[in-house]
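Asks: Listed here are the chains, written in short residue letters.
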Amino acid sequence: MIVVKPEICDLCGTCVAVCPQDCIDLSETQLLIDRQQCNGCRLCVQVCPFGALKEEAEHVDSV
Amino acid sequence: MLIRSDYDVIVVGGGPAGSMAARYAASRGAHVALFEKDREIGIPVRCAEGVSEPVFRQYVEFDERWVASRIDKFKFHSPDGKTIIWKTPTPGLILNRRLFDHDLAVRATHAGAKIFTKAYVSGLVKMPDGYIVRLKHLDREYQIRTKIVIAADGVESRVARWAGIRTQLKLQDIEPCVQILAGNIDVDQSACEFYFSTKWAPGGYVWIFPKGQATANIGLGINGKYAGQRTPLDYLYEFMSDKFPEAVALTTTAGGVPVARPLKNLVADNLAIVGDAAHQVNPLTGGGISSALASGKLAGEVVAEAIRTGDYSRQGLQYYQEKWDATIGADLRHFYRLKEWVCDLNDTDLNSIAGLLENLPPEDITLTKIFKIALLKKPGLIVDALKVFAGF
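Protein sequence lines correspond, in order, to chains A and B.
First residue of the first sequence? That's 1268 in our numbering, and the numbers climb one at a time after it.
First residue of the second sequence? That's -10 in our numbering, and the numbers climb one at a time after it.
Watch out, some of these pointers could steer you wrong.
Said to hold, decoys possible - No farther apart than 35 Å at their CA atoms in a straight line, the calculated lysine-lysine pairs in the DSBU-like style are these: (1) B:K159 / B:K71; (2) B:K200 / B:K76; (3) B:K159 / B:K367; (4) B:K253 / B:K103; (5) B:K232 / A:K1272; (6) A:K1321 / B:K253; (7) B:K376 / A:K1321; (8) B:K232 / B:K64; (9) B:K253 / B:K361; (10) B:K71 / B:K358; (11) A:K1272 / B:K200; (12) A:K1272 / B:K188; (13) A:K1272 / B:K159; (14) B:K358 / B:K159; (15) A:K1272 / B:K214; (16) B:K253 / B:K358; (17) B:K232 / B:K358; (18) B:K376 / B:K159; (19) A:K1272 / B:K125; (20) B:K214 / B:K159; (21) B:K232 / B:K361; (22) B:K200 / B:K71; (23) A:K1272 / B:K107; (24) A:K1321 / B:K367; (25) B:K253 / B:K312; (26) B:K71 / B:K376; (27) B:K200 / B:K64; (28) A:K1321 / B:K232; (29) B:K366 / B:K159; (30) B:K188 / A:K1321; (31) B:K214 / A:K1321; (32) B:K188 / B:K367; (33) B:K358 / B:K312; (34) A:K1321 / B:K107; (35) B:K188 / B:K232.
As the list claims (entries may be wrong) - The calculated label-pair distances, taken between Cβ atoms and stated as ranges, are: (36) A:T1296 / B:D61: 35 to 43 Å; (37) B:I32 / A:C1308: 31 to 39 Å; (38) B:I(-8) / A:P1287: 27 to 35 Å; (39) B:K159 / A:E1325: 25 to 33 Å; (40) B:L349 / A:E1295: 31 to 39 Å.
Worth flagging that the hints you see were computed from the coordinates, not collected in a lab.
A virtual CB, placed ideally from N, CA and C, is assigned to each residue, including glycine.
Turn these sequences into a full structure, and let the hints guide you.
Replies: The following block contains the structure:
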């Protein structure tokens, strides 16, 4: 599961530009990932200039 | 200040391409609204802010207040520490984009365009005669009818995708970048400096663009295909620790620069795409300000004409595509071929090119000469280099 660290994210949109599933949305204040659409390709993690996107194991979400 | 329920033209995004499109559509009689998601036009600046002065002046009524510094030379640094100096035949400018973007928006309002900030477009619905644009402005949601949408929403453009045009960039066609506005640094205020090395920026380069008062934009981009192990921010911190350990970062920003072939389809029924959203960036240099101005102006004029004649179809907007493809678009295709080659140069290649140039008298160093020497082993690309640099 891809998660964004909002304290690092600069809202620059580089991840949105490469997302083949078009599942990342960018507003003035936040980055939103549509997990239903995400296929876990990790391109967004790879290109993030600040390293704000990470892949985490599913169960971490419920902690 | 009120948002109307319909406009002739809605521009999404208030960067240079969007403001120019809004201005030129409005000045020819169209009712235009521009929606910018951020709170202020011109901020944040995700740009190194460099332009060629004569090219830039072709598209805007120039204002000296925009100039942070004037450049008369480029300094290229090779991986093994050689420095090649190219005296530019025409001046370069480092802009103050905060002020420049702001002024472009003001000029659009003088032409009659209505601008709204904190105005977030969240979707499009296709109608037979145009689009319904879904907008969130502050705490209210709107559905606004428009005949034509202009997508000026940057590298992350979603507007074009909603209209069915794939704009997603492949890894090798994007440069993830970071930049700081560095203070307390002693750099040549009349030179743009570039460091090429797989150590500092694989598949890209480090730039130092002076901004006066002992400050400079210092940033780097790496090619997407080399991204992943270390972030561009890691690379930049390492570079700064090595070269400018005493510098301070007055701002820190990230950004993605499209280094792709220009989009095949710049128009569709009731839609035109401009600027970074249309990948209208020089893929070799990453520079996109002047092409954004050119495309915004052209698209604005064509859209206004379409409104006047009542033909908002793809056919009615086609002139924007044709004119672009025949002019700047054609150049960008040559630059793309050069970029593909430059991107794969290793440090040994870069050192040997610098070695050949190092022995030339400085007055003999022209961009054409640099590429002629660099392309000795790639003669097939010399035609591309000459086509785009013949004017230098």
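Asks: Does each hint fit the structure? Answer for all of them.
Replies: Against the structure, the hints come out as follows:
no.	hint	in the structure
1	B:K159 / B:K71	33 Å, holds
2	B:K200 / B:K76	19 Å, holds
3	B:K159 / B:K367	25 Å, holds
4	B:K253 / B:K103	30 Å, holds
5	B:K232 / A:K1272	30 Å, holds
6	A:K1321 / B:K253	33 Å, holds
7	B:K376 / A:K1321	43 Å, violated
8	B:K232 / B:K64	15 Å, holds
9	B:K253 / B:K361	30 Å, holds
10	B:K71 / B:K358	17 Å, holds
11	A:K1272 / B:K200	32 Å, holds
12	A:K1272 / B:K188	27 Å, holds
13	A:K1272 / B:K159	24 Å, holds
14	B:K358 / B:K159	32 Å, holds
15	A:K1272 / B:K214	23 Å, holds
16	B:K253 / B:K358	32 Å, holds
17	B:K232 / B:K358	29 Å, holds
18	B:K376 / B:K159	26 Å, holds
19	A:K1272 / B:K125	24 Å, holds
20	B:K214 / B:K159	9 Å, holds
21	B:K232 / B:K361	31 Å, holds
22	B:K200 / B:K71	25 Å, holds
23	A:K1272 / B:K107	23 Å, holds
24	A:K1321 / B:K367	40 Å, violated
25	B:K253 / B:K312	13 Å, holds
26	B:K71 / B:K376	28 Å, holds
27	B:K200 / B:K64	16 Å, holds
28	A:K1321 / B:K232	30 Å, holds
29	B:K366 / B:K159	27 Å, holds
30	B:K188 / A:K1321	24 Å, holds
31	B:K214 / A:K1321	18 Å, holds
32	B:K188 / B:K367	24 Å, holds
33	B:K358 / B:K312	30 Å, holds
34	A:K1321 / B:K107	28 Å, holds
35	B:K188 / B:K232	13 Å, holds
36	A:T1296 / B:D61: 35 to 43 Å	42 Å, holds
37	B:I32 / A:C1308: 31 to 39 Å	32 Å, holds
38	B:I(-8) / A:P1287: 27 to 35 Å	34 Å, holds
39	B:K159 / A:E1325: 25 to 33 Å	28 Å, holds
40	B:L349 / A:E1295: 31 to 39 Å	50 Å, violated
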